[in-house]
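In order, the protein sequences belong to chains A and B.
Counting in the numbering used here, the first sequence runs from 1 upward without gaps.
Counting in the numbering used here, the second sequence runs from 1 upward without gaps.
Each hint should be verified, as a subset may be incorrect.
When the alpha-carbon atoms are kept at most 25 Å apart in a straight line, the in silico SDA-like pairs for lysine to any residue are as follows [said to hold, decoys possible]:
hint, chain 1, residue 1, chain 2, residue 2
1, B, K147, A, L12
2, B, K147, A, D28
3, B, K142, A, D28
4, B, K142, A, H551
5, B, K147, A, L3
6, A, K461, B, G139
7, B, K151, A, Q7
8, B, K142, A, N547
9, B, K147, A, T15
10, B, K151, A, G501
11, B, K142, A, V504
12, B, K53, A, D28
13, B, K53, A, G475
14, A, K461, B, K142
15, B, K147, A, D741
16, B, K142, A, G548
17, B, K142, A, R9
18, B, K151, A, T15
19, B, K147, A, T500
20, B, K142, A, A13
Here are the simulated distance ranges between beta carbons [stated by the list, open to error]:
hint, chain 1, residue 1, chain 2, residue 2, range
21, A, A558, B, A150, 49 to 55 Å
22, B, G139, A, P377, 56 to 62 Å
23, A, S711, B, D4, 51 to 57 Å
24, A, D6, B, R12, 31 to 37 Å
25, A, V263, B, R12, 35 to 41 Å
26, A, Y462, B, D123, 28 to 34 Å
27, A, D24, B, R153, 40 to 46 Å
28, A, G213, B, A99, 47 to 53 Å
29, A, Q275, B, A99, 44 to 50 Å
30, B, R153, A, Y462, 29 to 35 Å
31, A, D6, B, G139, 22 to 28 Å
32, B, P5, A, E217, 22 to 28 Å
33, B, A150, A, G548, 23 to 29 Å
Please keep in mind that the hints were generated in silico from the structure rather than gathered at the bench.
Quick caveat: nothing in here was measured; it's all calculated off a predicted structure.
Each residue gets a CB set at the ideal place from its N, CA and C atoms; glycine is no exception.
Chain by chain, the residues:
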Amino acid sequence: MTLLEDQLRAVLAGTATPPTSTADPLADLERRVGRARTRWAAAGVAATAVLIAAIVVPLTVLGHSSSHGTTFTTPAPKVLSGASFRSMTVAPDGSVWTLSGIQHGPEYLSPVTVDRRDPTTGQLKATYSVPTYMRSIAYAGGQIWVWGESSAGAAVHTIDVTSGTTSDLVDVDPRDTLASADVGRGRPFAAVGHYLVVLASSGRSALAFRLSGSRIESRSLGRIQAAKSMLLDGSTLVLSDKGVASGTFNAADIAFPGTNTSVDTRIFSGMPLAQGVGGVWTAEGSPLAEQTGLGGQVGTEVIPPRAAGMDHAPYAEPYSVVADADGGLYVGWSRSADSAAQASYLAYYSAKALSANSPKPTAVVPNAGARDLAANPGGGVVYLKAAGNSANGALTVWDPTAPKLTGKPATVRPVLWSDHRVLSQTVSADGSVWTLSTNRRDNPTFYVERHEPAAGEVVAKYAVPAWAESVTAAGDEIWVWGGGDGGYPDGYVEAIDSTTGHHVIRDLGRGKAILPEGYAGHSTAPIASGLFAVLEDRMSLVEIGLNGPAHVTVTPLATVPNVLKVFSDGDFGYASSATQNLRVVALTTTARARRKKPGLLSGPPLAVPPHGLIVNEQSQVTEEQSSEGYLGMKFKAPASNGRDTVPVLAALDPSGGLYVGWAAQPGHAAQILTYYSHANLSTDRIVNVDPSSGTVRETEPGPPDASVTGSQISDLSIDIAGGVVYRQGGPSASGTVARWDP
Amino acid sequence: MSMDPRLTEYVRGQWPALVRYATMLCGDPSEAEEIVQSTLTRVALRWRFVNDKANPDGYVRRALVRACIDSGKRRRREPALAELPDVAVDDRLRQVDDADQLRRALAALPPRQRAVLVLRYFDDASEATAAELLGCSVGTVKSQTSKGLAKLRDLVAAQDLMVVEVSEEKS
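Bound conformation, chain A alone:
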């Protein structure tokens, strides 16, 4: 034991328990649990509604647009300027202002400018040079405020919106540095009259600045332990205070000179984010709620949209909220509880949508990467769309209130992403694409490669035994299986730690190998603990997992004769059986017991959305539930060489869109991929069903949003960076991987 180790033990043992900010942590916890349960239940209801809405929609596909008319789609965001901007703000006179700058270490490469732009075209109207260390801008009291910090100290700079005259303040008290993290968190400031208020000094206190003539003055607002701020009713600045009960906000006196640090308090359940029509939009954890500011809730509560993939992130917080003049609401949902994260899912809720019990988005932008969200004077919202991990972003506008009329389905070319001899591919939760490849047809060697999706480069390569058959991402591991040679004549399964590359292998033994993959079915499905799989006897359903880092376990779950293929929805494994005319059983992989009664489907399952299975019924994709049967969705098959095709692949993307792969006949690989966006599937215009009687009145269908043809398409995987990744090529070792993002 070294001295350092001894010291470390002592330091750890001497760690004090920090003071609890919540008076009753248990009550707080119970409230959170209750809210999460309510939200999940509501999310289930909302998702069911969306699915029921979608399943009554008979959609025509390729070549049918002329006979079935056009469809409305949500306009995509439009990049006004692709230049790299650090910060953006909007002035009431209808101008958009940007701070340029290429990040280079703590400062920016010159020149750095503040630019005035047209909110509709992004055209440059005026430009002002500012010091290279300026890092953020905001509008307040007729001025564009610019601030930043260099080794010489913090500096504040103003530009008069009307005259363009400028003022400077340098040498802010170094104890009140503006470089704290709070300044960059999206709500660092509030404009009050002619004042700009910033949070400063790592949440230690707040500062107010005002322009007096041509001079900028500053003063501290006292010792409030401020973390966030919000301007209410255009004049009252409220600051959260760690020193008082949760939900209580200090209303600050921002006069020059000031008197008290707090002149009033407001009570909210959660953090106020935006002024709404009936109250203030607040967020506590995930849901947004409209409150009066006196502890009362107006009534509307908005939960994270399930399509955004937020249902598994209980503390996803709306990062940025903007209410529009028509009573609508823009919400940037973030998957991270860290409010510094960019909004990965931008949703618009119309006033009508907000009047519903469980509001659903009117329009969405997946993978928005939005920050600095603001109402755009030219319509919609304007924001900076970040690319990758860059702190900068492109100036982007989105106006979903003006739907566009579109006609023919689009054909989008896929990108051939890997020309290796790929046998199988998968996408793991970290966004990497993993392929199982081989080097030659005779006496081949097999290896698993990890690709970074942005560059398409191989960043890791692992040799695996022959004859490897397939690769799947499940849990934190990448699973490979196969056998027949390479020391495992009966079959093996291998788990590779996707973080460390550590791998462990298990010889499955005679008669216990995993059923080979075929185009007709999947023999494994990912579950939280590993794999749900059917063995080569076509009847043994097993759970394959890890017991510690060095031991692969194979746990029998059930026996179902003549299993065709297996699926999972994360919690349950499903198996379709040939002898029982496509019987589907659902097994919980945790309790290792049947939890659902076997049901019957009218066709082989293709995908498992939250409340049913998408199956292939006589050349049609339908939506069914194993226990309740047909629910109604039908997609008419596209034609190929004058013959109808059959659906053989399906995958749901995080935004609620659906990819379907169509083949010439059952058991064959797909030749055509089509994509139906969430907006297409849930367009009000084509939803028409009587839920009580189940009567469906088919109205004008919409065509798919995009389609592409390919050769022997298989292994369809949703790429979390957008689009799908799939394999092309037959069962021989000549496959390629392509990526398609319509």
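Given chain A's structure and the hints, the job is docking chain B onto it.
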């Protein structure tokens, strides 16, 4: 549906210890409480999966370790050295300062390394247990422990150096 009484009882008794444990793991007292709350909420929602409901401590702490690592990966942390005192400390306070320097250095470690050290030197977890908790191999635990200690040494040495430099500058 309210929380299981056994979980309620557990939270009531273990709350301070869990917040303290999270403070060690994440290096940030202000964040520790939020992580504990969010972790306990997840545990409550997944209560049916907890095997030992009479004593969920192992399950909760395991979840806490992973939550702190995930949280640490998300955060952009400023270097701990930025918060060094700008004057040299009195000798009588030297012992306190050493512990403080070590605590700051620990907070500056990458989240996974910090978790390994907490598990090994606070929980006295074996390498195998730590590997299982962290979902990695024993070899990774060994290497992360070694790297973590080495980095601690470097960080503490750097802080000493900066204190001396500042002190000399003042004089």
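Against the structure, the hints:
1. At roughly 18 Å between alpha-carbon atoms, K147 (chain B) and L12 (chain A) fall within 25 Å of each other, so this suggested pair holds.
2. Between the alpha carbons of K147 (chain B) and D28 (chain A) the distance comes to roughly 39 Å, so the proposed pair goes past 25 Å and is violated.
3. For the hint pairing K142 (chain B) with D28 (chain A), the CA-to-CA distance comes to about 39 Å; that exceeds 25 Å, so the pair is violated.
4. Distance check on the hinted pair: K142 (chain B) and H551 (chain A) sit about 19 Å apart at the alpha-carbon level, within 25 Å; holds.
5. In summary, the hint linking K147 (chain B) to L3 (chain A) is supported, as the alpha carbons are separated by about 16 Å, within the 25 Å threshold.
6. Taking the CA atoms of K461 (chain A) and G139 (chain B), the gap is about 20 Å. The hint holds against a cut of 25 Å.
7. Annotation: proposed proximity of K151 (chain B) to Q7 (chain A) holds, straight-line Cα distance about 14 Å (limit 25 Å).
8. For a cut-off of 25 Å, the pair hint linking K142 (chain B) to N547 (chain A) stands: about 19 Å separates their Cα positions.
9. Pair hint K147 (chain B) plus T15 (chain A) holds up; C-alpha atoms about 22 Å apart against a cutoff of 25 Å.
10. Of the pairs offered as hints, the one joining K151 (chain B) and G501 (chain A) holds, with about 23 Å between alpha carbons and a cut-off of 25 Å not exceeded.
11. Proximity of K142 (chain B) to V504 (chain A) is assessed by CA-CA distance (about 18 Å); at most 25 Å being required, the pair is judged to hold.
12. Between the alpha carbons of K53 (chain B) and D28 (chain A) the distance comes to roughly 21 Å, so the proposed pair stays at or under 25 Å and holds.
13. For the hint pairing K53 (chain B) with G475 (chain A), the CA-to-CA distance comes to about 24 Å; that is within 25 Å, so the pair holds.
14. Only pairs whose Cα atoms come within 25 Å are accepted, and K461 (chain A) paired with K142 (chain B) is accepted, the gap being roughly 23 Å.
15. Distance restraint check for K147 (chain B) and D741 (chain A): the Cα-Cα separation of roughly 41 Å exceeds the 25 Å cut-off, and the hinted pair is therefore not satisfied.
16. For the hint pairing K142 (chain B) with G548 (chain A), the CA-to-CA distance comes to about 16 Å; that is within 25 Å, so the pair holds.
17. Taking the CA atoms of K142 (chain B) and R9 (chain A), the gap is near 17 Å; set against the 25 Å cutoff, the hint holds.
18. Restraint check: the Cα-Cα separation between K151 (chain B) and T15 (chain A) comes to about 20 Å, which is no more than 25 Å; the hinted pair holds.
19. The suggested pairing of K147 (chain B) with T500 (chain A) holds, with an alpha-carbon distance near 15 Å, which does not exceed 25 Å.
20. Proximity of K142 (chain B) to A13 (chain A) is assessed by CA-CA distance (about 22 Å); at most 25 Å being required, the pair is judged to hold.
21. A558 (chain A) and A150 (chain B) have their C-beta atoms about 50 Å apart, which keeps the hinted 49 to 55 Å range intact.
22. Between G139 (chain B) and P377 (chain A) the Cβ separation comes to about 59 Å, which falls inside the hinted range of 56 to 62 Å.
23. Checked against the given bound of 51 to 57 Å, the beta carbons of S711 (chain A) and D4 (chain B), roughly 55 Å apart, stay inside it.
24. One distance hint, 31 to 37 Å for the beta-carbon pair D6 (chain A) and R12 (chain B), holds here, with the actual separation near 34 Å.
25. Remark: the range hint 35 to 41 Å for V263 (chain A) to R12 (chain B) is upheld by a beta-carbon distance near 38 Å.
26. Here the CB-CB span from Y462 (chain A) to D123 (chain B) is close to 32 Å, well matched to the stated 28 to 34 Å.
27. The supplied range of 40 to 46 Å is met by D24 (chain A) and R153 (chain B), whose beta-carbon atoms lie about 42 Å from each other.
28. Our hint of 47 to 53 Å for G213 (chain A) and A99 (chain B) holds, since their Cβ atoms are close to 52 Å apart.
29. Restraint check, Q275 (chain A) to A99 (chain B): a C-beta distance of roughly 48 Å satisfies the suggested window 44 to 50 Å.
30. For the pair R153 (chain B) and Y462 (chain A), the beta carbons lie near 34 Å from each other, so the given range of 29 to 35 Å is met.
31. Here the CB-CB span from D6 (chain A) to G139 (chain B) is close to 25 Å, well matched to the stated 22 to 28 Å.
32. Taking 22 to 28 Å as the suggested C-beta distance range, the pair P5 (chain B) and E217 (chain A) does not conform, at roughly 58 Å.
33. Range check, A150 (chain B) to G548 (chain A): about 27 Å between beta-carbon atoms, so the 23 to 29 Å window is met.
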